[in-house]
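**Student:** Use these hints to put chain B onto chain A, whose structure you have.
Protein chains in written order, with our numbering: chain A, 1 to 300; chain B, 1 to 259.
Check the hints yourself; a few may be wrong.
[Unchecked claim] Below, computed lysine-lysine pairings styled on DSS-like, alpha-carbon distance capped at 27 Å:
#, chain 1, residue 1, chain 2, residue 2
1, A, Lys208, B, Lys256
2, A, Lys204, B, Lys241
3, B, Lys24, B, Lys2
4, A, Lys270, B, Lys186
5, B, Lys186, B, Lys138
6, B, Lys2, A, Lys270
7, A, Lys270, A, Lys220
[Unchecked claim] Here are the in silico distance ranges between beta carbons for each label pair:
#, chain 1, residue 1, chain 2, residue 2, range
8, A, Glu12, B, Gln45, 38 to 46 Å
9, B, Lys208, A, Lys208, 26 to 34 Å
10, B, Asp170, A, Asp199, 25 to 33 Å
11, B, Arg176, A, Arg28, 44 to 52 Å
12, A, Ser151, B, Gln45, 49 to 57 Å
13, B, Asn149, A, Asp199, 19 to 27 Å
14, A, Glu7, B, Gln45, 37 to 45 Å
If you are wondering where the hints come from, they were derived from the structure by calculation, not from laboratory data. It should be emphasised that the depicted structure is a prediction, and the values quoted were computed from it without experimental measurement. Cβ coordinates follow ideal geometry from the N, Cα and C atoms, glycine included.
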Amino acid sequence: MINTKVEICGVEFKNPVIAASGTFGFGREYAEYFPLSRLGGISSKGLTLNKKDGNKGTRIYETASGILNSIGLQNPGIEGFIKDELPFMEKQDTIILANVGGSTIDEYMVSVEKLNETNIDMIELNISCPNVKEGGMAFGIKSKIAYEVVSEVRNACTKPLIVKLSPNAENIVEMAESCTKAGADGLSLVNTFSGMAIDIYNRKPVFKNIIAGLSGPCIKPIALRMVYEVSRAVDIPIIGLGGIMNYKDAIEFIMAGAHCIQVGTGNFIKPDISIDIIEGIEQFMKEEGIESIEEIRGVI
Amino acid sequence: MKQGYRKGIIHSNIQIATNIYEIKLSPCHPESDSISLTMEESGFQGKPGQFYMLRGWELDPLLPRPISICDISDGIITFLYEVRGRGTHIISKLKKGDTLELLGPLGNGFDLNIEDKIAIVSGGIGVAPLIYLMKGFKGDMDFYCGFRNEAYYLDEIREHVDNTHISTEDGSVGHRGFVTDLFLPKRYDMVLTCGPIPMMNRVVEMCKDKNVPVYVSMESRMACGIGTCLGCTIETTSGMKRVCKEGPVFSGEEVKFND
Chain A
1 MINTKVEICG
11 VEFKNPVIAA
21 SGTFGFGREY
31 AEYFPLSRLG
41 GISSKGLTLN
51 KKDGNKGTRI
61 YETASGILNS
71 IGLQNPGIEG
81 FIKDELPFME
91 KQDTIILANV
101 GGSTIDEYMV
111 SVEKLNETNI
121 DMIELNISCP
131 NVKEGGMAFG
141 IKSKIAYEVV
151 SEVRNACTKP
161 LIVKLSPNAE
171 NIVEMAESCT
181 KAGADGLSLV
191 NTFSGMAIDI
201 YNRKPVFKNI
211 IAGLSGPCIK
221 PIALRMVYEV
231 SRAVDIPIIG
241 LGGIMNYKDA
251 IEFIMAGAHC
261 IQVGTGNFIK
271 PDISIDIIEG
281 IEQFMKEEGI
291 ESIEEIRGVI
Chain B
1 MKQGYRKGII
11 HSNIQIATNI
21 YEIKLSPCHP
31 ESDSISLTME
41 ESGFQGKPGQ
51 FYMLRGWELD
61 PLLPRPISIC
71 DISDGIITFL
81 YEVRGRGTHI
91 ISKLKKGDTL
101 ELLGPLGNGF
111 DLNIEDKIAI
121 VSGGIGVAPL
131 IYLMKGFKGD
141 MDFYCGFRNE
151 AYYLDEIREH
161 VDNTHISTED
171 GSVGHRGFVT
181 DLFLPKRYDM
191 VLTCGPIPMM
201 NRVVEMCKDK
211 NVPVYVSMES
221 RMACGIGTCL
231 GCTIETTSGM
241 KRVCKEGPVF
251 SGEEVKFND
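The shape of chain A in the complex, shown without the other chains:
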């Protein structure tokens, strides 16, 4: 009998597959294709205190085995989320992570305090969005600044706190250690890599912000390496992500040390890709005689 359950900070996931923030909205569109209760969890579209329209101009651009995006955290704001989206998510019988972004420490604090009062299961703190001009990214680059942000948010937050790390951090292991010291209950990594593209006929960057975030299979080996290094350095649970497209990718991240994994760009390729991954993990466990995920976590 196989058991795919995973526990992180007292929160039980029925399986280790979570839909990644920014690729799944609030689940409504995917609920038309499969029951969301099949998922281990859903991380909400990145939320900011106030509603954001996002960036103008080109927002998405295909690259070799990846996509660059510059959406710019288009979202309904914390109150819009609580009023219009959360009631739907609460009915889905899956773990809800509220992904929270911001440009100042105060903004993070107010957002988190509002979410404390709700039924969300966890907060995933986004200190690494490359697509908002001020704040956001800087918090995710310097571990000293990240320490300050996470410490403050930790004090304000009554929910389990996952900090989502940027691969653009100056040193990913130091960053992970700083966030752990600051009181994070878990880490998710990695967010998108900073990248760019140029329209050679117009002699201009493709994106108005010039720099955009790279995701997809092209980042997987680097993301996997970072999860591996971080999992050896810290004792708190890790959620691994970066280009996971099938169950083999997912198992690799678990073997590198991840408790759970997130599927991001893959959701765009096939709406029910997470179901394939969940079933693939179950099949793999059966074939390999693995009874629980823990048996293979961090085995390498």
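**Tutor:** Chain B only, in chain A's frame:
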């Protein structure tokens, strides 16, 4: 539950002009790649203006390609597409009997009163969704179609429409110049347009001047096609809207073209 990607088997895939192809597919039976069904209920569905996401590859290129429906007849779907990049190039090389993965129908489509007097204004490959619209329309209709250097699908259009107005930029067929040189908005209850942004912008301005309702079918880079990536979002007078979900058909007045 909606159906996810389903397999379609190619009946034909032919070049009809430079870089312009027409592909016809029917659904594959789920259990087998070789049996194709043509019954209407198991066939492809969708209304004019809606689109499908197409992929004929595993993970390279990464994204599917959004292509609007050009016709559906007895469950067999026709797409007219222009080869613009690697994805459409790969599709153009597929042969009869090969398969593609399809997700759809997606988006809102055109909504119109079939008794109206309407004008259809197309530019280049933008003609595709308007051909499907033309075929189902029973009212009074004028069709204005503009092409760069080579006209295509004219026989089909002339078969369905009494008043056709053709332009090419090189003058090889019809008026030499732009389709907007020919178009006169004042006589219609409604105008429907699809084509390059500058052309649609001009059509909308002309209609606004005469208080004629106009609907545009927008194109945008998109990843998912189902409303979650927010990559295809455009600015409208009532906020940001997703081309794949609230569109691709919008009222011309609500689209902010000069963004």
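**Student:** Each hint should be assessed against the structure and marked as holding or not.
**Tutor:** Against the structure, the hints:
1. A threshold of 27 Å between alpha carbons decides the hint, and for Lys208/A with Lys256/B the separation of about 17 Å falls inside it, so the pair holds.
2. A distance of roughly 25 Å separates the Cα atoms of Lys204/A and Lys241/B; the hinted pair therefore holds under the 27 Å criterion.
3. At most 27 Å may separate the alpha-carbon atoms for a hinted pair to count; Lys24/B and Lys2/B meet this at roughly 23 Å.
4. Distance check on the hinted pair: Lys270/A and Lys186/B sit about 45 Å apart at the alpha-carbon level, beyond 27 Å; violated.
5. Proposed proximity of Lys186/B and Lys138/B is supported: the alpha carbons are some 21 Å apart, at most 27 Å.
6. At most 27 Å may separate the alpha-carbon atoms for a hinted pair to count; Lys2/B and Lys270/A meet this at roughly 13 Å.
7. Taken as a hint, the Lys270/A and Lys220/A pair is honoured in the structure, with Cα atoms around 18 Å apart against an allowance of 27 Å.
8. Taking the beta carbon of each, Glu12/A and Gln45/B are about 41 Å apart, inside 38 to 46 Å as hinted.
9. About 28 Å separates the C-beta atoms of Lys208/B and Lys208/A, a value consistent with the hinted range of 26 to 34 Å.
10. For the hinted restraint 25 to 33 Å between Asp170/B and Asp199/A, the CB-CB distance of approximately 26 Å keeps it satisfied.
11. Between Arg176/B and Arg28/A the Cβ separation comes to about 50 Å, which falls inside the hinted range of 44 to 52 Å.
12. Against the hinted window of 49 to 57 Å, the Cβ-Cβ separation of Ser151/A and Gln45/B comes to about 55 Å, which satisfies the hint.
13. The hint said 19 to 27 Å for the Cβ distance between Asn149/B and Asp199/A, and at roughly 24 Å that hint holds.
14. Distance hint check: the CB atoms of Glu7/A and Gln45/B are about 44 Å apart, consistent with the given range 37 to 45 Å.
Violated hint for the displayed structure: number 4, the only one.
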